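**Student:** Sequential numbering of the sequence shown, starting at 12, is according to the working numbering.
Everything labelled a hint here was simulated from the structure, so no lab data went into it.
As the structure is a prediction and not an experimental result, all values here were calculated from the model.
All residues carry an ideal CB built from backbone N, CA and C; glycine is no exception.
Certain hints may be false.
[Stated by the list, open to error] EDC-like mimics (lysine to aspartate or glutamate), calculated; alpha carbons at most 20 Å apart, straight line:
1) 33 to 50
2) 67 to 50
3) 33 to 54
4) 67 to 54
5) 33 to 75
6) 67 to 57
[Said to hold, decoys possible] Listed next, with one range per pair, are the computed distances between beta-carbon atoms:
7) 42 to 83: 42 to 50 Å
8) 90 to 60: 21 to 29 Å
9) 65 to 89: 28 to 36 Å
10) 48 to 99: 46 to 54 Å
11) 72 to 100: 39 to 47 Å
12) 37 to 99: 18 to 26 Å
13) 78 to 50: 13 to 21 Å
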Amino acid sequence: MTDELGGRQPPRTPAARGRRFKPHAAELTDGSRLVLGVDGSIDHVDDQGSRMHRWKPGDPGWSDQAIRFGLHPQAPTVAPHGRRVQESKPPRV
């Protein structure tokens, strides 16, 4: 890992790196439910408790399911660079 200003790469998932989610479950009309894990993964669990499908942050269908928990995919942010000061006024005398 590089500590240089331009050396860090943003995380490639919609969820920010190191973000922890609050565990939550959403009941569906067919008796199954969606379960949000602390790592951001969403499990589709049937009424017997068996996992039918899992979406992880970054999977194509994750954002479609995450919206049910009020979550939205986040675009990676870019670290700000130093400002360049352009002289628009002459120096004071």
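**Student:** Please list, smallest to largest, the hint numbers that this structure does not respect.
**Tutor:** Checked against the structure, the hints that fail are numbers 7, 8, 11, 12, while the rest are satisfied.
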